[in-house]
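Mind docking chain B on chain A? Use the hints.
Number of protein chains: 2
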Amino acid sequence: MIYQLTVTQFCKMLNNLNLILDKAAAYADSKKFDMGVLLEARLAPDQFNFTRQIQIVCDTAKLGASRLTGKEAPKHDDNEKTLAEIRTRISDTISYLESFTEKDYAESATRHISQPRWEGKYLTGEEFVLHHAVPNFYFHMTTAYAILRHNGVDVGKKDYLGAIPYKK
Amino acid sequence: MIYQLTVTQFCKMLNNLNLILDKAAAYADSKKFDMGVLLEARLAPDQFNFTRQIQIVCDTAKLGASRLTGKEAPKHDDNEKTLAEIRTRISDTISYLESFTEKDYAESATRHISQPRWEGKYLTGEEFVLHHAVPNFYFHMTTAYAILRHNGVDVGKKDYLGAIPYKK
Numbered sequence: 142m143i144y145q146l147t148v149t150q151f152c153k154m155l156n157n158l159n160l161i162l163d164k165a166a167a168y169a170d171s172k173k174f175d176m177g178v179l180l181e182a183r184l185a186p187d188q189f190n191f192t193r194q195i196q197i198v199c200d201t202a203k204l205g206a207s208r209l210t211g212k213e214a215p216k217h218d219d220n221e222k223t224l225a226e227i228r229t230r231i232s233d234t235i236s237y238l239e240s241f242t243e244k245d246y247a248e249s250a251t252r253h254i255s256q257p258r259w260e261g262k263y264l265t266g267e268e269f270v271l272h273h274a275v276p277n278f279y280f281h282m283t284t285a286y287a288i289l290r291h292n293g294v295d296v297g298k299k300d301y302l303g304a305i306p307y308k309k
Numbered sequence: 142m143i144y145q146l147t148v149t150q151f152c153k154m155l156n157n158l159n160l161i162l163d164k165a166a167a168y169a170d171s172k173k174f175d176m177g178v179l180l181e182a183r184l185a186p187d188q189f190n191f192t193r194q195i196q197i198v199c200d201t202a203k204l205g206a207s208r209l210t211g212k213e214a215p216k217h218d219d220n221e222k223t224l225a226e227i228r229t230r231i232s233d234t235i236s237y238l239e240s241f242t243e244k245d246y247a248e249s250a251t252r253h254i255s256q257p258r259w260e261g262k263y264l265t266g267e268e269f270v271l272h273h274a275v276p277n278f279y280f281h282m283t284t285a286y287a288i289l290r291h292n293g294v295d296v297g298k299k300d301y302l303g304a305i306p307y308k309k
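Those protein sequence lines, which keep their order, are chains A and B.
Adding 141 to a residue's 1-based position in the first sequence gives its number in our numbering.
Adding 141 to a residue's 1-based position in the second sequence gives its number in our numbering.
The following block holds chain A by itself, in its conformation from the complex (with noise of 0.2 Å):
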């Protein structure tokens, strides 16, 4: 299930990420404002402001799927400042992730985690995963969702949500 929970649900929701995004100009555009004030906005002064918040997003998507199976990532300087650089940090981590199979994942629920600000100390793949990466990923994600609501943005839960595999 780490496969589904970190490369093809977070495929997803950066998916609805970016039509968010489309709300968001579509937004700036009618009422006439610079897109930039929304990148830069944030919910308190000492939070990171929108853009950070995505560049957290994609980071915890992307060194989550290296992690979990021994590959280098991609890197990215963190230094987007326009929606279109935002962007392509969006689908540069999805089209980083669509390069995993289930296959890869075959050994990552017991796998060693380990990042250098934890000093030597490791979580298993699975525990990662459970405490590490899915409430870090949701977290930033509703965060960036919370800042453009809170500006008038026109966005709903089925935006974050994205669509719903029912069956009949």
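Mixed in with the good hints, there may be bad ones.
Since the list gives no way to pick one copy over another, a pair counts as held whenever it fits inside one copy or between any two copies.
[Claimed, not checked] Calculated pairs, EDC-like style, for lysine to aspartate or glutamate (alpha carbon to alpha carbon, straight line, at most 16 Å):
1) K216 with D200
2) K153 with E268
3) K299 with D187
4) K309 with E260
Source of the hints: derived by calculation from the structure; they are not laboratory data.
The model shown is predicted, which means the values in this text are computed figures rather than measured ones.
Same frame as chain A, now just chain B:
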């Protein structure tokens, strides 16, 4: 993994929420305003307020467990008005989740899940967790957090994530 994702981890997040409520109450106290102001706060005029976000967090966890196991859930009338009532709602939800064991989830991945509003359509348990329970739970949890963050409560991502079970 469904049990870990939707019982163990949701319980952990609800306990984190309790500590976040402690910080909110301490903040209201220190600034000498009524806690009810935060309970009714929202980020947009057509968004559910803080109290409703918590009710939905709790219901997403409670009804998820009920649907994934086929066991009836306790009823709640969504009439919480005070911090004490909200705390009771959260602790009720934790107690309900804690009444399950991993064994109760043996068939959960393949169980057909439906809701009245889905008009006879269904998801498998695994699809329900991936596309519905997990994204919804973290959405309302993070929205509740963001409402407090926006209003000046001194919460950070560590409060949201809670303890991480690092190993040496």
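Task: Hint check against the structure, violated hint numbers in rising order - done: none
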